[in-house]
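*Asks:* Please take these sequences and the hints and turn them into a complete structure.
In case you want the letters, here they are:
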Amino acid sequence: MATRAFGSRIKRTIDPTLLRGEGAFVDDIPLANPLHAAFVRSPYARARITSIDVAAARAHPGVVAVYTGEDIGILDREMPLLIPHPSMTDARTQRPLAKDDVYYVGQTVVMVVAVDRYTAEDAAALVEVEYDARPVSIDIEDAVKPGAALVHDTHPGNVAAYFVQVSGKPDDVIPQAEHVTKIKVRVERSTAAPMECRAVAAQFDPVTGELTVWDGTQAPISVRGGLASIFGLDEDKVRVIAPDVGGGFGQKVLLFYPDELLVPMAAMQLGRPVKYIEDRRENFIGSSQERTQVHSIELYAKKTGEVIALRDSFLHDTGAFIPYGIAVAQVASTSIAGPYRIPNIWVEFTAVYTPTVPVTPYRGCGRPQSCFAIERAMDQLAEELGLDRFEVRRRNLIGIDQFPWTREGLLFADGLRVSLDSGQYQKALDLVTEKLAPADFAAEQRAALAEGRYLGLGLAFYVEGTGLGPYEGGHIKVHPITGKVYVNTGLTGQGQGHETVFGQIVADQLGVAVEDVILVEGDTRAFDWGVATFASRAAVVSGNAIHKAALLVRKQIIHAAANMLEASEDDIELRDGAAWIKGTGRKAPLAAIATATNPLRYAFNEAAKAATQFAPASRHDGPPLDEGQHPGLEATDYYSPACATWAYGVHGAIVEVDPDLCAVKIRKYVCIHDCGNMINPTIVEGQVLGGIAQGLGGAMYERIEYDPEGNPLNANFVDFLVPYATEVPHVEVLHLETPSPLNPLGVKGVGEAGCIAVGAVIASGIEDALAPLGAGKFRQTPITPSMIHAALEPH
Amino acid sequence: MPRPRQRLSVPSVSSDPKARVSITVNGEQVEREVSVRLLLSDFLRHELRLTGTHVGCEHGVCGACTVLIDGKAGRSCLTFAVQASGHEIRTIESLADEDGTLHPIQEAFQDCHALQCGYCTPGMIMNIVGLFESGEELDLTDEGIRLALSGNLCRCTGYQNIVAAVRKAADAMQAG
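Taken in sequence, the protein lines are chains A and B. This note's numbering puts the first sequence at residues 1 to 795. This note's numbering puts the second sequence at residues 796 to 971.
The hints are simulated quantities; they were obtained by calculation from the structure and are not laboratory data. Glycine included, every Cβ here is placed at the ideal spot set by N, Cα and C. Any given hint could turn out to be false.
Computed list of lysine-lysine pairs in DSBU-like fashion (alpha-carbon distance at most 30 Å, straight line) [stated by the list, open to error]:
id	chain 1	residue 1	chain 2	residue 2
1	A	Lys668	B	Lys963
2	A	Lys11	B	Lys813
3	A	Lys169	A	Lys11
A few chain B residues that don't get close to chain A, going by computed Cβ distances all over 12 Å [to be verified]:
id	residue
4	Ala814
5	Thr819
6	Arg844
7	Asp865
8	Gly866
9	Lys867
10	Phe927
11	Glu931
12	Glu932
13	Leu933
14	Ala965
*Replies:* As structure tokens, then:
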């Protein structure tokens, strides 16, 4: 048997294409004479539109069409609420083009279509919109105060949703606490900032009546369903293709953005392909963001440090609309107890409308915020009880023999139970302890202090519910000509290496090389059952579906090969692209088996000669295919998880803070993580390292800034500080592999893991470093130099 | 559903003034009549269909659009096509052999898993090619490589594997 592909560090099969510059992103797709869209966007955070004059824009040379809300027919409606939930009342979503009112700077008001983007932007600048500005309360904590300006008059207090979840009996247990730690923390707003901004192109074929949409989305099948539903088209007549996509990180899973509806509409009306390629400023003011939450968390503990109950009350900023429901807040609330037993939990949140860019999940999806709250609180508890930070965690971690650890009463964002399925939390703590050597570090820290240098150790655990349902599918077909294995699933990739890891899963079962497994995804024509790429779910949900389909095809191959080779099925092994009789040189190549299982009329090649209905070996005593039998080697199967599978990890760092410059240098960064069985450790590390870099952005640099009127102040890459190579430290990644008992492959998701703990680690480290100076606490991210300066001020 | 009614008269050109440019792209001289404000990035991508050069910010910060202009790394999103007239441009499409064999830098990127979505990659690689071909001595310490990469944003990888790839490529190219 050849080396197992599953678990191997196999190089990515997609890379040569991308490296040669042959990737095909939306704006790279050649279209015949495309028209280009540009938008007029609201310059006010909250205003009433009093008039729109598009005459000059329409008259501009090269302009094809100008659309206001009055001109878009059936699209003049509020867009769908994707995830309804009873905690919301009259959930508000955006219209493709604003009508009467605008709710944030950047909201789309008018769409211009012209011969090129340059002309479309010129014409957009000629549109005259008069606004009557209204007062705003931008900051989330102001927005819930009595008398705050309202985003939607229908929602007093700007409350979009309110929800309480309880696990155990916190009210009964809280009086028994011997110590209470209470802190308030805040995480600021950031954005995914994928390197490719969003993009959509559409073409309508009047002969076939087919609408084709190329969309840089994470959810092509859902987009197809929505387009068919909203335009009243047969699903069969709408094809959505997500080609190569330059990063998504959650931002590209929202449907619909206005352009995703308006561009197909324009293509149908104008009889020409139309495309909209978002620019970077538009990505900052028009595409979803996430993160702002303010948590007031209370830990009820014994003197030993054992936490017996937790109360957390938080505000969640949902921006001007709440199209994705309460998902982000719900993930935050159900992850609040982290990896700790804490058997009694009371957690409430209020989702708050603010007149800012709408909020939907960004990699992490509420987890970085709840991790920041619980981990900062654990540090504070340790300090108040005079315990070591490692030790207080050790006393609360769920033990290896305590899984599954179910938090009865909490429902995750998939509406299913919260049940941490497996892990070696103590071992992870041991590993990070070994790597950071806290005793040695304490000596080093003292020595540095004597020289006037300030070193600190940061530490934080995280958990991540991954692999959410409802389901995904896998379709596998062995091609009779080439013997190559074609695999389809309903997902789409944005750089995760699906083609390689799914190839590894299939290669082992069918005995083929990974490069002979061809994945076609992200195209509703290739496979149109499924959901989308989000919530660290691809490897878990599609991976297991593909695995199940591969087992079916394996069985078909062995059955057919045994017939062809006149051997017992037990004696057949699959390797090197063929079925072999074990211990002999006799084999049948996969292509020949695939051909032979398909009764043929025409002998197009040698293998086909043996499979024609005239071949001596073919059956003459009945139909060539038995009742219920299908031709060829092909199967489809699905995987639907009963609940999420929980990955986890712990990060540790040694930082040095210069109190004069308020500068932070990360001297060491260690990540211990566990995502169950790893399909490809190299790809897992890539996901983790990339996540940590984004986490570091959120920890130290990235903050979407608004002035008091709601104008974004840093909507560009100069002022919004995405880390470059010079800001990101070398990270040491160590793996644990605790299989998930919940799925056949034993895998857990890893997509979001890296980013979750970084804010808490950095805050913990800086606080430790500056403790000798009597500095204040660090309970807000990003931690900017000014915040360090403020913390060092006498207080 | 009946066929949507489509507009019969749709203009096809803008009123932009045009200029003739003559640019050597990947060794081949091309002449075109283009709008005077057409960006070099759009010229390469949409006039010449060299879509390997990507556009990430259109203000010269992210580096995704980096090409070699007379051998030096430059931002094609901050350069007008007319400015490139008479100059020599090299793009990512020029690196691999015609049979698809990767350039050592491209190969090192694959070996080290230095790319994920691949959107920033062509600009990143052209920046490195410019550096390698500059004849300047390279600082191959972690810090030196990170400094060399500090004009290119990547949102996927966390850079660590890119640093490794640059070092590996430098070693491979020195070994000849």
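*Asks:* Work down the list of hints and note, for each, if the structure agrees.
*Replies:* Hints and how they fare:
1. A:Lys668 to B:Lys963: holds, 23 Å
2. A:Lys11 to B:Lys813: The hint is violated at about 47 Å.
3. A:Lys169 to A:Lys11: Violated, at about 50 Å.
4. Ala814: holds, 14 Å
5. Thr819: holds, 18 Å
6. Arg844: violated, 7 Å
7. Asp865: holds, 20 Å
8. Gly866: The claim holds: B:Gly866 sits with its nearest Cβ about 19 Å from chain A, beyond 12 Å.
9. Lys867: Fine: 19 Å to the nearest Cβ keeps B:Lys867 off the interface.
10. Phe927: holds, 16 Å
11. Glu931: Non-interface label on B:Glu931 holds, nearest chain A Cβ at 18 Å vs cutoff 12 Å.
12. Glu932: Holds, since 20 Å exceeds 12 Å.
13. Leu933: With a cut-off of 12 Å, B:Leu933 remains clear of chain A, as the shortest Cβ separation is near 15 Å.
14. Ala965: holds, 15 Å
Of the numbered hints listed earlier, those contradicted by the structure are 2, 3 and 6.
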